[in-house]
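Here are the chains, one letter per residue:
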Amino acid sequence: MKKRLIKLTLLIFFICLAVTSFAQQQRFPKPEFETGYVQPPTQQPLPRALFLEYLDVIVLIGALILVSWFLLKKRSRQGVLWTSVFSLLYFGFYREGCICAIGSIQNVALAIFDPTYTLPLTALLFFLIPLITALFAGRTFCAGVCPLGAIQDLVAFKPIELPRWLQKVLGLIPYVYLSLAVLYAATRSEFLICRYDPFVGFFRFDGTFQMLLLGGLFLLVGVFVARPYCRFFCPYGVLLGWMSSFSKKHVTITPSTCIQCKLCSNSCPFGAIEEPLLEEGKRRSNVNRLMTYLILIPIWMGIGGLSGSMLHGTLAKFNKTVYLAEMLVQNPDIRFNQENIDARTFMQKGKTMDELVVDAQKIKSQFYWGGWIAGAFMGLVVGLVLVNLSSYRRRNDYEPDRTNCLSCGRCVDYCPVK
Amino acid sequence: MMTINDKKHLARGLAWFGAIFSLVVSVMLIANYFQLKSVDPLESPALKVLVEQLHENPHDDVLKENIRALDLMIRKAYFTSQWQIRTGTWMLILGVLVLILSIRWQKSLRNELDELESIDKNPFLDKQLARKGVIYTALGIFMLALLSGFLSGNILDQYDSTKGQDQEADSAVEIIVAKPVEQNSETIADSSKSVSMQEKTSDEIVEVPINEELDKKEEIESKSEEVKKIKSEPTVPSREQIRKNYPFFRGPDGDGMSYKTGVPKSFDGPNVKNVLWKASVPKHGYNSPIIWNDRLFLTGADSEARMVYCFDKNSGKLLWESAADNIPGSPAKMPKVTEDTGLAASTMATDGQAVFAIFATGDLIALDFEGKRLWAKNLGVPDNHYGHSSSLVIYKNKLLIQYDTNKGGKLIALSTADGSQKWETTRNVKISWASPVLVNTGTRDEIILTADPLVAGYDPETGKELWTVECMMGEVGPSVAYANGLVYAANEYATMAAIRLGGSPEIIWEEQEYLPEVASPLAANGLLIVATSYGVLACYDAETGDKYWEHEAASGFYASPVYADSNAYAIDMSGKMYVIRMAKEFELVAESNLGEKAFGTPVFSEGKLYLRGVENLYCIGGN
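From first to last, the protein sequence lines stand for chains A and B.
Per the working numbering, residue 1 is the first one in the first sequence, and the count goes up by one each step.
Per the working numbering, residue 1 is the first one in the second sequence, and the count goes up by one each step.
Honestly, I wouldn't trust all of these hints.
[Said to hold, decoys possible] Partial selection, computed: residues in chain A whose CB lies under 10 Å from chain B: (1) 160; (2) 164; (3) 165; (4) 168; (5) 202; (6) 205; (7) 271; (8) 277; (9) 281; (10) 287; (11) 289; (12) 327; (13) 360; (14) 382; (15) 389.
[Stated by the list, open to error] Now the in silico label distances, taken between C-beta atoms and shown as ranges: (16) B:6 / A:395: 39 to 49 Å; (17) A:358 / B:151: 23 to 33 Å; (18) B:333 / A:345: 16 to 26 Å; (19) B:58 / A:89: 52 to 62 Å; (20) B:108 / A:417: 15 to 25 Å; (21) B:493 / A:44: 35 to 45 Å; (22) B:140 / A:89: 39 to 49 Å; (23) B:108 / A:163: 28 to 38 Å; (24) A:51 / B:52: 48 to 58 Å; (25) B:459 / A:94: 49 to 59 Å; (26) A:65 / B:6: 35 to 45 Å; (27) A:396 / B:108: 26 to 36 Å.
Calculated from the structure, these hints are not laboratory results.
Predicted model only: the values in this text are computed from it and were never measured.
Ideal Cβ placement from N, Cα and C applies to all residues, glycine included.
Next comes chain B alone, as it looks inside the complex (with noise of 0.2 Å):
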């Protein structure tokens, strides 16, 4: 039988167990703490230099596996580290409880009171102390409340809304890589070649020789500063300017009409005829070339970088080139494109101030015309199965993207000045590739969309959708034609509809013999074109659809064919330039060899063609 002692010493020999105990096991935790945080398995020299040698030769397997052996070892004795906290911190609640039950044991075998030790009363002093002492610190409290008010500004008042932008462009200039190319025109680079070249051709070669370099500064740098006059000016382009340039993705419109004259008709590429200017692309894109002024852009893309690049369209001089990186939201690796759709399909677009371009990545980037960054966000990365290729178009203040991917479609709008959204509609379709088309039906203005099932219209300025007719299927690639009131999409295995617009929109003729796969139609001179991936032209009567004709071309269309100076301009995949006149009778005004491969649509600007090919991009002029 214990008595009142036993209990007491019992209880005191368990506080100091437990005491000590918890001491020890508090110390092996801190040990065990400042192990792990001197030894971050992470910055393991020994990982980090296999690291290294893995990045200079990616493709060494047996590097790989050291690295992931040595990788789990070190999780394994961090892993090790952390349950041997996870479980000290249990044997010293354990203790620390046994210490507080204890004492509190102890406490309670004492037959004396536990009493405080009394301190001096008197309750009228206490609170004549107490008022002292509340009322010199709400006071000391209040005046460092004022003091903090006075002394702290208001710092958003900093802020002034009306340069906010240019506070952010401004912002961007130190940040984003937009450095002039000093020589990558071919005509630059090589002025031997040139020479040569010039020998062939006569005088049909501009010659842009090295020592003119200063001048050519100098003559950009008058030409940002009108650029930067333009930019000053918050205007929206009116239809005249947009008609005059070439800012979007099968002309002003995004149609295929170009409202061009005066424009070149034939070429010979290998032969350096009409060829006034040849400029290598440092990176590989489908999209097609946009104009404005001198301007010429377009972007290029692999795994490594995506790019934005400006040419001046006189004389094929690389002026800048400007990288899509360290946006928000974008991806780490690059989603998965097919070769034939890669990371920049998109055409960009402008709006005289400012150009925009995408990519597969869902990167977006607004640059003003030296390559200064305005603004950039990440669409969120499109679920695309063959890369994401639908091109920009701009409405006003506002740039519109199809984004009709495999996790939904939505139609988006931003603002062409900060990037913010100005309205998003979803769109109840399947993914598709096609490209949004500005229309005015005479009453209004539209953006017209394709996709499976639907063929729609929205309201450029809300978002609203005003119309949908069913009748598309497929992966939808080919943008819509239109002209006269008549809405035409088509898709290979699908169909070719031509819709009339109105009250309540209607399929007025349906036909399949030649359905595109890629290339868009083209509707002018009450006619309609349309060119397949498998090389036939074919012309139909845009009313009825009756057929006119046919033609086999040497390859398969993936570029769209454009309307210029009453002709069709349509390049097949193998370089083959036909010119034709849009006309019941088919015609062959001209036929071209670029001499490569080629997947861009014609673009007009000034009595001269431009062309893109896999390596180089062209400037046609001559007859």
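Just chain A, with the same shape it has in the complex (with noise of 0.2 Å):
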């Protein structure tokens, strides 16, 4: 009874601190007499110092040496829940969410579809750092750097296991966020990853409604469905998952033999240890199975090509210049509306419609051949995916899933054989 009044509470809380941080947005017009007040001149906030910049680096380095050091020699679940809290503190509420290897990617995208944007090497590097040290440690990056993670993992009270069934399904949200972020960062669109930060908000202490809600619920489903965005959203998890299936030295459940007690696999709040596994069914209908899935890897990929593709137009409304040359064929009055912000730039840059037009046209091009490429992306995403979960591997002990383990250490604690 006292545990739901604390959860009924904490929903109270959150939403609250979405609802309240959003009046903070109102602004207020100038006065609308002439008091001979003249208004100061806009302000911009200066670059960060490039030495502060190096800093950062600096820090990412060493929360991950730390990290990497408290799970595979310490095998401290507390070395890495107090270093959370630090990536929390200085990336989170100190650097304000920003700079974050999460949000690098669409840098990355830009800097290699856009040969005019000049990559900062900070964005570079806090895009590698963390998956080589994946290579090699695993998601130690995810255990106790990510600010993101790091805030959701103080909130998971009362995780719950959810079905693996819908955990495969649920992990495909990754890819298509991954994909859609790419394929806007490339067309010049959008920063998908920062406009839609969840967390961000909390960070900063100021955010719009819908982001505060957004992070508010997150942290609320957080509490029963431990770090539902580093499962089921976080694009960079994805690379990460990658770097760490090949890791060299992924944190192992127990230091010695496993006595198979089960206490790792009912610790994981994220359902990622794999139990031991004997292959079951016909041997030849397995493999008939797996070779039928490998076949149609290049079938889903043409699917997923062809669906990117058709949805290319729905995609592209979201780049401001398409969105503002529809909008303007489809109304032309709107040119003419002092209210219509967009419009009045547009009137008053003195482009022509025709220029708007082809503009638009050309990103929409991009958008076309960016979608054929997302979704055959997918497609070969949800090939894998069928391919994975058609092969078995035999497997004796408790083991961590290198792919989707986010090296928190819980399994280590808890650990019977020291």
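Hints in hand, dock the two standalone chains.
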């Protein structure tokens, strides 16, 4: 009963947090009469000093080394937990969620597709260093360095285990999000990950109502479904998972021989412990199934590519140029509407409709081909997931699923073998 | 010493404290939020009433003080609420933090392991179920994507680029106010006055009675059709067409040459001699009229509105007026300008299909011959301490704008069709008030500009700077004159220089005795005439700079002299017009009095002379 009350209280807190912070977004227009007061020129914050940017990189590296050391050498869940609290304070509340390894995907994608964009060195390092670390030590970044992971980890009071099939289905979302994030960044449309970062509003004590509500909902769900954003949304987690699959020194549950007590499996709130497995069913039919799914991969890619290309018109609507062009083509009178800031800006630029429509068509063409690639990628992911679900690798002990294990160290803590 | 149970109780107590504290703060914050939302200080009825009163009585200082006091009070209340929200947010965060840490502490005090509730697992069946889930989900997503593609049409396909401008023009029809003015011409508005004028001047004044309005309307409509026909032909007017009309400031090339013959030489404004019609211009402006076919255009402006006026050049009837409003970027507050420049000093330009006007606000507007807006834009409010006065000129399909301001100089070419920028050339000059002059040197077309310190020629096609001569200084108002390969630039307190164009343009003579302040020099018949602001007209040899004659007028000249039918026409500020034979010997052909002050240059069309006084527009005919 008391636990329920606490949960209810938490729910109210987060909703309140979201609602009240929204009020801070209001701004005052100028007074309506002449006072002789001259509006001061607009002040723009100076960029962060270079040495402070490098300090961020040093902190990142230090935190990664520390977490890896706690996990691999000391096998200390407490060490990981307190490092994550530090990261939450530093990268979250002090750095206000920026710079961020998750968002750096977009910087890298934009730099690849737009030669005029200069990729900041720190953004590149924030993109690469956690990936390289994952290649050796697993997802230690997720365990103790990512502020988004840390804030969710802190509220995972009563995690429940989700069915495996549901985890697999929801596990497709990060791939979709990754595809879209790269597509929108590559077409210079939007930094999707930053725009829909659910926790940055908390880190900055400021944000739109929707952003704070989204963050509040993630934290609320996170009480019962541990780290929902990390597991079912984070696009960077996809890349870290790939790297971690090949990690040489990934954390092991037990330092010596597994006694198959199953405590680790019951301790993992992420469902990332693989249980001992023996192949079931007929060998031949299992192999046939595997081969069928292997052969189907190109078909999945084709269907995905076609679907992505068909979706390009809808996806392109979120590009500002395409949105404006379509709006003005449908309603030419809007150009003279002073209330419409998009139309007003367009008119001020002195650009013609012809030029606008040509620009919009170019962007739509980019979305068309980008849709093909993103769709084919999703088809490939679906195909590979099915292949993975059709293959059986004999396993005698409880082992961490290297792709999905967030290296939090809970299983290490619970393992009675010391 | 606290036992483990004590610690558990403390943790539980802290958790409850944190929860209740956070709950109370949350409720207060929500209440504050809704209070703030429901009472918008800017929508305060009391403030609105006071502001309304201020609009009616703008000079009531007590009222202003009351508004300020109320506004301050409202703002204080608003910002106090904001402070409460900010502080409350911090308190809420603190409460939540206490709650989280207490729960964490409480959990760590437990002896038992916190295990998840185990669910039944069967790896084989789980994988089978997961495969189905993945397949159905993937197919669902792909099907939705395909469906979305089929259902969403390409809106951009609806856009017809060949109709782009028509669409723009059509769309402007409903928005732009281009109202036909029924009674503005003095001859129409006051028939009795017309009659009295008729009595005084026998048959020289044409009366347009009110009952002829409908006929006139029909006539206008039929003319509109003609204009539309012209508009539908996107051709650049020929040189002959341009010279037949009067499309720019100082004539078809902007150099003071009118290419007109058989024009009136004398009139008497107060006694209505040779005055065919006289029409009042609703708003004041120092710009001169331009004419194309039967239509005469000019602008007027005050702090309330910037207007373009179209008159029937034969009757003096104001056919329509169009406000240059709702232009994106247009300043809400008018720039400070001096009385002798105003907000509408720049003369319009036309290519026979559209008319273009610019104001001291930086607002640029293109209208068709019916007053419908084709496009409009703001070039940025010019930083000009007197007011922008440079007039527009058109070269082929480009509208050329000399935009020399305190923040830098530039020559801008915009598409006459849609206002898009064709090119822009930055000029390393100070602010100027002169206008561009189109010149054909025999080998190429040039647009010639003058400002401190450069007289410069540009390629009107590309904006490329072709040549510069550094000879000018001060606040340059007069535009250049041109004849026979020589450019004449002058400015008061500076110099008058004759520049020979060629491979390397050079100054061939300079003179400083009589220098114009505002009026531009005029070169014709191997002579050069300058009109000074202190009332002296002086004539020089165009090749050598030798002075032939000088003549003192009644008043100073702001209007530039123009050439027509072997004579120079110059009107001084008092409204006296001098027609002087363009010859080495001074010969005053005629001297006339407009009857009101005048600043606009004389304009000629089809044997008639058009003059703009400070109040009225005149059509002079007769001799």
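Those earlier numbered hints the structure runs against, lowest number first: 10
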